[in-house]
Amino acid sequence: MTTTETPDILPRILDYSNRADPYPLYAELRKTPVALQEDGSYVISTYRELSGILHDPHLSSDVRNLTHPMPAMEERATPSFINLDPPEHDRLRRLAMRHFGPPHTPGLVTGMEPDLTAIVAGLIDDFAGKQRIDIVDDFAYPFPVTVICHLLGVPREDEPRFHVWVNAIIDSIDFNPKTDPQEKLDNGVQATKDLRHYLGGLLEQRHGRPGDDLLTRLANDDGPDGRMTDAEIVSTANLLLIAGHETTVNLITNGMLTLLRRPDVLQRLRAEPDLVVRLVEELLRYEPPVHIIPWRAAYSDISVGDTVIPKGSKIMLMLASGSRDPERFHDPDRFDPDRRDNQHLGFGSGIHLCFGGPMARLETQIALTALVRRLADPTLVTDPPPYRPSPVLRGPIHLLVDQN
Amino acid sequence: MSTADTLQGFKRDGRVVIVGASLAGLRAAEALRDEGFTGKLTMIGDELGEPYDRPPLSKQVLTGWVPADGTTLPRRRDIDAEWLLGVPADGLDLANNHVRLADGRTVPFDRMLISTGVRARPWPVEAEAALDGVFVVRTREDAAGLQRAVAAGPSRVLIIGAGFTGSEIASVCRERDIPVTVAELAPSPLVGGLGAMIGEIAADMQRAHGVDLRCGVKVTQLEGDAQGRVRRAHFSDGSTVDADVVVVALGGIRNTEWLRDSGLAVGVWGVACDAGCRAFDLNGLVTDDIFVAGDVARSPNPMYEYRFISLEHWANAVEQAEIAAHNMVSTQANRWPHLSIPTFWSIQFGVNIKSVGVPTYADEVVVTQGSVADHRFVAAYGYQGRVTAAVSFNNAKWLDHYRQLIERAAPFPPPCPTPDQPLDAKPVPVDFPGPTLLAQGATVVVTGHDPGERRVTAMRQHR
Numbered sequence: 015m016t017t018t019e020t021p022d023i024l025p026r027i028l029d030y031s032n033r034a035d036p037y038p039l040y041a042e043l044r045k046t047p048v049a050l051q052e053d054g055s056y057v058i059s060t061y062r063e064l065s066g067i068l069h070d071p072h073l074s075s076d077v078r079n080l081t082h083p084m085p086a087m088e089e090r091a092t093p094s095f096i097n098l099d100p101p102e103h104d105r106l107r108r109l110a111m112r113h114f115g116p117p118h119t120p121g122l123v124t125g126m127e128p129d130l131t132a133i134v135a136g137l138i139d140d141f142a143g144k145q146r147i148d149i150v151d152d153f154a155y156p157f158p159v160t161v162i163c164h165l166l167g168v169p170r171e172d173e174p175r176f177h178v179w180v181n182a183i184i185d186s187i188d189f190n191p192k193t194d195p196q197e198k199l200d201n202g203v204q205a206t207k208d209l210r211h212y213l214g215g216l217l218e219q220r221h222g223r224p225g226d227d228l229l230t231r232l233a234n235d236d237g238p239d240g241r242m243t244d245a246e247i248v249s250t251a252n253l254l255l256i257a258g259h260e261t262t263v264n265l266i267t268n269g270m271l272t273l274l275r276r277p278d279v280l281q282r283l284r285a286e287p288d289l290v291v292r293l294v295e296e297l298l299r300y301e302p303p304v305h306i307i308p309w310r311a312a313y314s315d316i317s318v319g320d321t322v323i324p325k326g327s328k329i330m331l332m333l334a335s336g337s338r339d340p341e342r343f344h345d346p347d348r349f350d351p352d353r354r355d356n357q358h359l360g361f362g363s364g365i366h367l368c369f370g371g372p373m374a375r376l377e378t379q380i381a382l383t384a385l386v387r388r389l390a391d392p393t394l395v396t397d398p399p400p401y402r403p404s405p406v407l408r409g410p411i412h413l414l415v416d417q418n
Numbered sequence: 002m003s004t005a006d007t008l009q010g011f012k013r014d015g016r017v018v019i020v021g022a023s024l025a026g027l028r029a030a031e032a033l034r035d036e037g038f039t040g041k042l043t044m045i046g047d048e049l050g051e052p053y054d055r056p057p058l059s060k061q062v063l064t065g066w067v068p069a070d071g072t073t074l075p076r077r078r079d080i081d082a083e084w085l086l087g088v089p090a091d092g093l094d095l096a097n098n099h100v101r102l103a104d105g106r107t108v109p110f111d112r113m114l115i116s117t118g119v120r121a122r123p124w125p126v127e128a129e130a131a132l133d134g135v136f137v138v139r140t141r142e143d144a145a146g147l148q149r150a151v152a153a154g155p156s157r158v159l160i161i162g163a164g165f166t167g168s169e170i171a172s173v174c175r176e177r178d179i180p181v182t183v184a185e186l187a188p189s190p191l192v193g194g195l196g197a198m199i200g201e202i203a204a205d206m207q208r209a210h211g212v213d214l215r216c217g218v219k220v221t222q223l224e225g226d227a228q229g230r231v232r233r234a235h236f237s238d239g240s241t242v243d244a245d246v247v248v249v250a251l252g253g254i255r256n257t258e259w260l261r262d263s264g265l266a267v268g269v270w271g272v273a274c275d276a277g278c279r280a281f282d283l284n285g286l287v288t289d290d291i292f293v294a295g296d297v298a299r300s301p302n303p304m305y306e307y308r309f310i311s312l313e314h315w316a317n318a319v320e321q322a323e324i325a326a327h328n329m330v331s332t333q334a335n336r337w338p339h340l341s342i343p344t345f346w347s348i349q350f351g352v353n354i355k356s357v358g359v360p361t362y363a364d365e366v367v368v369t370q371g372s373v374a375d376h377r378f379v380a381a382y383g384y385q386g387r388v389t390a391a392v393s394f395n396n397a398k399w400l401d402h403y404r405q406l407i408e409r410a411a412p413f414p415p416p417c418p419t420p421d422q423p424l425d426a427k428p429v430p431v432d433f434p435g436p437t438l439l440a441q442g443a444t445v446v447v448t449g450h451d452p453g454e455r456r457v458t459a460m461r462q463h464r
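Order-wise, the sequence lines are chains A and B. Reading the first sequence from the start, the letters are residues 15 to 418 in my numbering. Reading the second sequence from the start, the letters are residues 2 to 464 in my numbering.
Please keep in mind that the hints were generated in silico from the structure rather than gathered at the bench. Keep in mind the model is a prediction, meaning the values are calculated, not measured. Watch out, some of these pointers could steer you wrong.
Covered by chain A, according to a simulated footprint, are these stretches of chain B (three or more residues, beta-carbon under 8 Å) [said to hold, decoys possible]:
1) 45-52
2) 366-377
Some residues of chain B that are not near chain A, with every Cβ distance over 10 Å (derived) [to be verified]:
3) 242
4) 285
5) 386
6) 401
Beta carbons are placed, not taken as given, at the ideal position from N, Cα and C, and that holds for glycine.
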């Protein structure tokens, strides 16, 4: 393996004009599995190296371990567990998992199935009589937002308020000091404060009150690890609220786009609904909602192949590139819902493996099955569709479909 | 006829016999069919009933979450086999290529797989072993019986042997608030598999969960009442304990006796085979038609200096079965070696214990991540300055990293600091009780003799 500077590929990937199809650029990037950038950061793009480093305890998720900390991070209060290392990461994730999954809360996700099906059915009912639908605005966005609001205990009618903040936060994740105005960063920092303040307000009402939503349970339940502090609950809720819908909207939309581009697969899914399980796995490999983990830090010197990444370096993980690596996947640029050997990086890997993965899978399975079953002869209006700005959380901003 | 033609003919119309119809046997049968073997397939097993899974027997079955008969192994495909169940194999005639069954029948084969596994080591005093309330745990029936006895709310359960099975059973009993005594001859639980440092942690865990743990003692006698029910156990230190359920968890005995006169390299440690699962004969010659997989197999592992290693691990049984099946129907150039790094897991006292590598192949151990006090950590094992294994307590997601360190013989102790690392962690001697088998220079291992004996008997069989 060689480490060389690749001054142009990464900026081209981040450039909006390549958002619709970054995959050829990923292929170019993979020629240098560990690529040193001009600013001293490292970009990792091959499956073997990515899966290795995702399990490497010398890789830190805490940006405070960067030699040059991210500007956007300095203003943040208590980090959520996605940005923390063990033992704090483990403790907070365990405390949150207590209310979300096995062994203490088994069956929560599968128990949501009837509700999810009903929400999906309601949204599709509203398509009736409309010739043109926006899969994003009319379906793929409102569906997971409704679900995560219900799960967390956030009023659904507050969505217009937090939508603005979440957009500003997502925008600031992609912040590039060379090209972006400082204003974008400031907006993100302010939005983070506003969202925390809002969630803090909700939390205050929950103390000492019974209830089944996550906020209430986190506020009142004591397990073997004790209880989260209010600041920790707000950080966790903040993370789950954003990650709980900003990614699923892309997964569902990318899925529908992929199916519309492959009418044969769409027809097959209509005829064999059981195909959806493997189809969604393939989607997570082929068109994942999270393309990049933009900031990890070398806690100490990290050996990746024959490259040593020095302590304190910033490391960018190109997950979507790894999932298209021909060294790992046979014919990786082919969408193959029958693929069996499919250990993709769609949800990451290691201790930060996506917390909401089981829910995102179920949401997407239900959403795609219902869409192909009920949309009559759908056709794509523009291909490629317009994309959201982010190269990190990548997906169409609108997906217009005509039904007959 | 060319070798390839012969092989094609065998794949089409050959006869394969699999002796041992458990996990390895079933997976090998499925893999053979996957590989395109369309000939006659015969499965021989000493137990009645379909192959079942064993890990749940000391866990979910014992808690009552899963009924014992709910552990039938899932079938990945139809194997279209003749099943000869309930009769053990009794002998192997290599001159005539047939298996003898205990009822006198003979089953001819072109190629065979030995996957007869391990049985529970019984309590050595027969009359005491026969007392009501004395159990071993190996089969589905054993587990069902013990589950009923535990569900009946015994006043105390005595577990003899604090290896993985004994410790798991102790954990389940404590979960149900049943008083438990664990008796272990070694200085601490799990010490034979994981060494003294982890053993001490395991001892703390057991005591913290209210187990009456007695180490360094031997159970000298099990005493029954007039009705033939077990009531009391006597220890080598003169103490006694009253218990109405006794679990004998003293490990296993490899089922190799039926092969004693076969001419294969067979001993108490199993059946020796090469890295491709082909059995060796007594003189160290590799056979062409006899394959071995699972708990009963001993094969050389290049990661561990080609020492012959036998493993009683679930994943090992599956991997060897698939390799053996593949090699049975492949030409010389297309055979696969079994090179994977062993993995193992256990759940006890709320802790998920997982290992990669061979922890007994080590001279030092160091805690590399986490906190021993919190029972969440990773410990790396090293042999002469390289990483050879790792064990995690509630930290399994890191083990892929250690697997890579083992694969590339990374230096031990691992040099760079990580977040969540104990500041005072220093490598300590691994300290296994008794002679450390794997760390010695094994010389005469092919025939299954103890290398400590340093002897070999030349054998030539006239066939």
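Notebook entry, point to check: Beyond 10 Å from every Cβ of chain A: is that where the Cβ of residue 242/B lies?
Noted result: holds, 30 Å
Next item on the list: Against chain A, does residue 386/B hold up as non-interface, every C-beta pair farther apart than 10 Å?
Entry: Label holds. Min Cβ-Cβ 17 Å, cutoff 10 Å.
Check: the region 45-52 of chain B covered by chain A? Criterion: 3 or more residues, Cβ-Cβ distance below 8 Å.
Finding: violated (count 0)
Check: Are there three or more residues in the region 366-377 of chain B whose C-beta lies within less than 8 Å of some C-beta in chain A?
Finding: holds (count 6)
Margin query: Beyond 10 Å on every Cβ pair: is that true for residue 285/B relative to chain A?
Written below: For residue 285/B, whose nearest Cβ neighbour in chain A is about 38 Å away, the distance exceeds 10 Å, so it holds.
Checklist line | Least C-beta distance between residue 401/B and chain A, which was stated to exceed 10 Å | finding: The claim is violated: residue 401/B sits with its nearest Cβ about 4 Å from chain A, within 10 Å.
Hints 1 and 6 from the earlier list are contradicted by this structure; the remaining hints agree with it.
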